[in-house]
Amino acid sequence: MRDKLPPEPPGSEVTPEKLYLRRRELLKNAGLFAGTAAVVGGGLYLLGLKRTRPMDGFVPDAGAVAQPVAPAAGAFDTDEPRTPYEDITTYNNFYEFGLDKNDPARRAHTLKTRPWTVVIDGEVHKPQTVDVDQLISGFPLEERVYRMRCVEAWSMVIPWLGIPLGKLLERVQPTSFAKYVAFTTLEDPEQMPGQKSPVLDWPYVEGLRLDEAMHPLTLLATGLYGKQLPAQNGAPLRLVVPWKYGFKGIKSIVRISLTREQPRTTWNLANGREYGFYANVNPAVDHPRWSQASERRIGDTGRRPTLPFNGYAEQVADLYRGMDLKRDF
Amino acid sequence: MASKQPWLNPAVALGGLAPLALLAVQGAQGQLGANGIEFALNQTGLFALAVLLASLACTPLRLVTGWTWPARIRRTLGLLAFAYACAHFLTYAVLDQGLDVRAMAEDVLTRPFITVGFTAFVLLVPLALTSTNQQVRRLGFPKWQRLHRLAYVAAMLGVVHFVWRVKKDVTEPVLYGAVLALLLAVRVGEAVRKRRALAAQRTA
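Sequences listed follow chains A and B, in order. End of the first sequence sits at 329 in UniProt numbering; the numbers just go up one at a time, nothing left out. End of the second sequence sits at 204 in UniProt numbering; the numbers just go up one at a time, nothing left out.
In short, the hints are calculated from the structure, not lab data. Glycine is no exception: its CB is placed at the ideal position from the N, C-alpha and C atoms. It is possible that some hints are incorrect.
[What the hints assert, rightly or not] Reference excerpt, derived from the structure (chain B facing chain A, CB under 10 angstroms, subset only): (1) W7; (2) A24; (3) V25; (4) A28; (5) A34; (6) L90; (7) A93; (8) Q97; (9) E106; (10) A199.
Please put together the full structure from these sequences, using the hints given.
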């Protein structure tokens, strides 16, 4: 239909070939620029992902059994602000489920915490093998709001729920030979996948002197924040010794043995120079790699001074009278 | 030469700094987990070491493959490693220690784990300061080159610092150590080859 071509565009509107080629090159270079930047940035990001990734939108298990506990503060309770439930349940050292702080929260669901049997044996007049619920139901549950100080120089305030260990030990009647209490965690790599790697000697073992174990502060915890203990925090039964570093608080206990000899404990065996048997919180005895004089409360930015025996000196300092705590750390 | 791939260095710098920017943004929003300062320390330290190793890989990579582009991004990678080392040190000094000079001095002087890390950081400072063309000219290339071999020392100290940081499982730091050993081996091999060639030339 058209008998005429459209009018030629004026020369001023035609892109010179040189510029036209440059534009293509610019586009190409922009693509290469973006691609390279993405590869470099993405590569670094992936390297960093491997370790210590914070939880991505993780919602902690709210816990099945709510335990209504009288709000009245107990004799040992601290009134310092409590660490949020989410932090207590997502920031854990529990090498049976991995080495990163968030591994336990992500992976501890493989642990079957019921039915659960606890063996109590050794130097006791009434050795027994009992179901954990039966064991717990024999004692009134108490709430204890304790400071928790990790040997890595961070700390929390945790409202535990549990039974004083001393009351349980009284019931099984230690013999006159009993000097120590040894605790053992479950050994089952199917339920505790971290045990497939030999980072520590499995099963995890911890221990206390009998008088430490009998001390009214020492708690066998079964819950926190009025709820059942989540697996990553050591369900169904864990030890809480608030004046000692956190690693003494052995999780998911299957055996409590009273012994004549000091038990060979896991971290002490793994590295006795850094982790003593007593592990009393002591700002005057530094860890070889960092100072123990101060700590960071989870949620805080600044540090606070660490207190001798984690602030429980008034209650427990007598246990160590005459001992050199720089040597027996 | 550099004009042939004008996008290369800006891209490496932008991509390399992106994780640091992400970390800063997430940190400001409190999204780094229960112990954000520890997380930032671990990340910046890891990135510093990784990028430092990448910068040290440039020359061996060129020697092995004959490519020229690795040599062209070496300086950018080195400065990037220094940026991460600075971020790591500042996180420690400002956020972790609250600029408590006494506590930090005690750390640096009495705890080998920190002494070693701090030394690695200090060694990178003269390298960053002499990274410009002008400085290379001022020092003369042989002297400049000798000075910049300190990067290997800093990386070794970085690996030791990493090994000591880990409580039990040293797999990851040992992997970084192995990469560093490999890079050193390539360079030592090249030096031996050069020396032999030179000797052969002389006897001929």
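A quick look at each hint next to the structure:
{"no.": "1", "hint": "W7", "in the structure": "holds, 4 angstroms"}
{"no.": "2", "hint": "A24", "in the structure": "violated, 14 angstroms"}
{"no.": "3", "hint": "V25", "in the structure": "violated, 13 angstroms"}
{"no.": "4", "hint": "A28", "in the structure": "violated, 12 angstroms"}
{"no.": "5", "hint": "A34", "in the structure": "holds, 4 angstroms"}
{"no.": "6", "hint": "L90", "in the structure": "violated, 14 angstroms"}
{"no.": "7", "hint": "A93", "in the structure": "violated, 13 angstroms"}
{"no.": "8", "hint": "Q97", "in the structure": "holds, 8 angstroms"}
{"no.": "9", "hint": "E106", "in the structure": "holds, 7 angstroms"}
{"no.": "10", "hint": "A199", "in the structure": "violated, 41 angstroms"}
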